[in-house]
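Protein chains in written order, with UniProt numbering: chain A, 1 to 476; chain B, 1 to 476.
There's no promise every hint is true.
As the list claims (entries may be wrong) - Cut-off 27 Å, straight-line C-alpha distance, at most; resulting in silico cross-link-like pairs (BS3-like, lysine-lysine):
1) A:K367 - B:K375
2) A:K256 - B:K294
3) A:K183 - A:K430
4) A:K375 - B:K294
5) A:K329 - B:K375
6) A:K300 - B:K256
7) B:K301 - A:K254
Don't read these hints as lab results, they were simulated from the structure.
There are 2 protein chains.
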Amino acid sequence: MAPQLDTYFKTVDELADQFIDRLRKAVAIPSVSADPDLRPKVVEMGLFLEKELLALGATVEKRYPGEQPGFPGLQLPPIILSRYGSDPKKRTILVYGHYDVQPALKEDGWATDPWVLTVDEKDRMYGRGSTDDKGPVLGWLNAIEAHQKAGIDFPVNLLMCFEGMEEYGSEGLDDLIIAEAKKYFKDADAVCISDNYWLGTEKPCLTYGLRGCSYYSVEVTGPGQDLHSGVYGGTVVEPMTDLVNLLGTLVDNKGKILIEGLSDLVAPLTEEEQSLYGDIAFTMDDLYESLGSKTTIHEKKEEALMARWRYPSLSIHGIEGAFSAPGAKTVIPAKVTAKFSIRTVPNMQPDEVDALVFKHIHKAWEKLNTKNKVKPELMHAGKWWVASPKHWNFSAATKAVQSVFGVTPDFTREGGSIPVTLTFEQATGKNVLLLPMGSSTDAAHSINEKLDKRNYIEGTKLLGSYLHHVAEEPQV
Amino acid sequence: MAPQLDTYFKTVDELADQFIDRLRKAVAIPSVSADPDLRPKVVEMGLFLEKELLALGATVEKRYPGEQPGFPGLQLPPIILSRYGSDPKKRTILVYGHYDVQPALKEDGWATDPWVLTVDEKDRMYGRGSTDDKGPVLGWLNAIEAHQKAGIDFPVNLLMCFEGMEEYGSEGLDDLIIAEAKKYFKDADAVCISDNYWLGTEKPCLTYGLRGCSYYSVEVTGPGQDLHSGVYGGTVVEPMTDLVNLLGTLVDNKGKILIEGLSDLVAPLTEEEQSLYGDIAFTMDDLYESLGSKTTIHEKKEEALMARWRYPSLSIHGIEGAFSAPGAKTVIPAKVTAKFSIRTVPNMQPDEVDALVFKHIHKAWEKLNTKNKVKPELMHAGKWWVASPKHWNFSAATKAVQSVFGVTPDFTREGGSIPVTLTFEQATGKNVLLLPMGSSTDAAHSINEKLDKRNYIEGTKLLGSYLHHVAEEPQV
């Protein structure tokens, strides 16, 4: 029987102003995890969440992961673990979010104070962290409160894990997830993460896949120190010359990765999968708009979506050690280190990728016939993730979207990685669902970050509705 | 008749400690032209020179070129114009030097305080500016003083031009030289600049040629802003991919410039010129030592010297706008600007070089078949310079070296440019000689800059001896 949610939805609407006020209080705390000077504000934000959760009747445990690596004396902010309900007859859902935010300065170009939630005439709510990820985190709290105010029984036991270092590599989180998988998180039946975005602005989506990322450096060295190009140009084998030639062998400007054997690792495209892309609510114009240009590799949306979600890509990010400032400096850099990364997809195993990359580099290097030395290194690797969208966790979310928005959500993957997704899946062994609240125009990580009021309020309905459907969904 | 210089030489030896003390006072003034906060110290150094010159009986005019471009309210230090003697029966020699220095911090790795002249057990005198260019500048003053103390008539009229912005692009100097060519400098018969170095450590040289430098930027643009490689990798034509491919078409790692037509502009090597290189006091081991590696393009000294002095070279200096910091950032840079330069030689005309470079870039760009845009630009061009080493100015210097060091100097060219050389030649129409005082191991611009006591004291003898020979050399 479909859950009766009308009273819940009505209560959320009635409480909308209070929920916006809760978000306003959260945005006012500049919990920038990348700035050691603002660390007290990150902690303050964690304590704000604790207080709100306690007021709602949840239990809270603050976990301090210790000192931040590389910053002696700087303590990491607490990971907030919380439980609301412990009825063994109910399903238990583990949700994750983060309460830290990206840096923001008015002078970066913000139209409004980034730390003051500012609602414009189109009900866009501007403020740092509004969509990434304070809005979604508070959505869970709002859902609890609306149930209480409406007098409706909460349909599941809710486990919450809110961290304060996501924008700085989630320092300390993986260890905690692994350690608590069979303890604090032991009765979790499924995981839900609301920390990504709709593909567009109108249609909600459920996300079931993420690309991985293998990030490499290639160091080229020759002379003992930087040299003056007037004195040494023409006499020394220049590391930059070798490096740009090496980089030119990695990928072409049609996106084709030139590393031998790499494409063989990619799972073949089935007809069934291919048929999925046509229906996705996404157009090339959406892509052009988000790029700020029409310089795309593909002309068709299906090809562009597949290139983003299910095929690998290789990007050259830059070169460390060469002259990178404005102006004209006549240096022959002695040691230059290029950085590039490969976005990986099923079934590329990171160590197989590494082996092919290193083999390619050494082979290309031999061809260069140079006196310089090359040293390629893997800097970090995060594996791709693909969940089963046929799991009851996704079915429940599908019905929740239908009940709130009246449409069937797109099933999407993302090109980027959210490493915690895979950690939760591997540590708990449970299905993980990415259930976004914000839209593609929210400008997370950018200036003028916002969350539309619609996304926040309907999103709060969505999270609650999802929990009701999760409670009723049959085990498959 | 060869001039009798024994008394002069003896007097220089007797005054050695005083001359070293003069250098000590100069080194103690941190006249760093690149640091606006130290501008008063640059001015102080100019006034120190003025005081010393006045004490020696020279006349002095301080010329203030005005405000430093780009630094509102910051006055450029004075150019010190000075004259010693105005006997119409004597030749007039114009000498140039600079009294500003490169930055220096003890913590950069200096073994001693860079602002305290420190003489070690091998009579190496360490201190910022010791060799570049305070030692040579004071050498002219020492020569005057030694003549006075020895009671020897000064053989020429000496015009001096000492600037305080050489290490920051000689701001304001070109205009002054051009303006004064037919005024303050009007009776100059030849020019002598002591601001470069011996090729090695034992044998003096005279320098008669410099390569020019044409410095280019190539901007590649596509997307409207930097992109996340997870989200956009594989869908967008990446500017970095195009740029590294473009850079790969410029030069190979054997130093061969791949720009069509460029080598046709180079003056052919004559048998006579080729025969000169074998005798130069220079070995591949000298080159290996200064490089700190054996990663040279050539194996023979003749080839290496020709590659440095008489053939063009192309160096890729770096890329602006890409990720250049340590660490791993997953950015697709939207706008990347490579910097490269070509060292030019006779008979390459800068505008011909530009035309070939632009043509090459546009042709290579077409081959890339890309949606991105390319914009190559000339950032600056300085022309090569070659003087006639058969002029009496060089003959006099040759005899001076023989009289002080007992050897015939090497005739050298340099790979780098000293733009003021060409300006003096073009503005005055007179022969310019580069007469170095320091040696190849002096580490100008680096930590632990030094001038050997031998180079300073024998160098002072050399400058005085040169003036005597100049006075007697017949007009050719």
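Results of checking the hints against the structure:
In summary, the hint linking K367 (chain A) to K375 (chain B) is not supported, as the alpha carbons are separated by about 31 Å, beyond the 27 Å threshold. Our distance criterion of 27 Å between C-alpha atoms is broken by K256 (chain A) and K294 (chain B), whose separation comes to about 37 Å. A C-alpha spacing of about 14 Å is found between K183 (chain A) and K430 (chain A), which places the hinted pair at or below 27 Å, so the restraint holds. In summary, the hint linking K375 (chain A) to K294 (chain B) is supported, as the alpha carbons are separated by about 18 Å, within the 27 Å threshold.
A hinted pair counts as satisfied when its Cα atoms are at most 27 Å apart, and K329 (chain A) with K375 (chain B) qualifies at roughly 19 Å. Pair hint K300 (chain A) plus K256 (chain B) does not hold up; C-alpha atoms about 42 Å apart against a cutoff of 27 Å. Distance restraint check for K301 (chain B) and K254 (chain A): the Cα-Cα separation of roughly 45 Å exceeds the 27 Å cut-off, and the hinted pair is therefore not satisfied.
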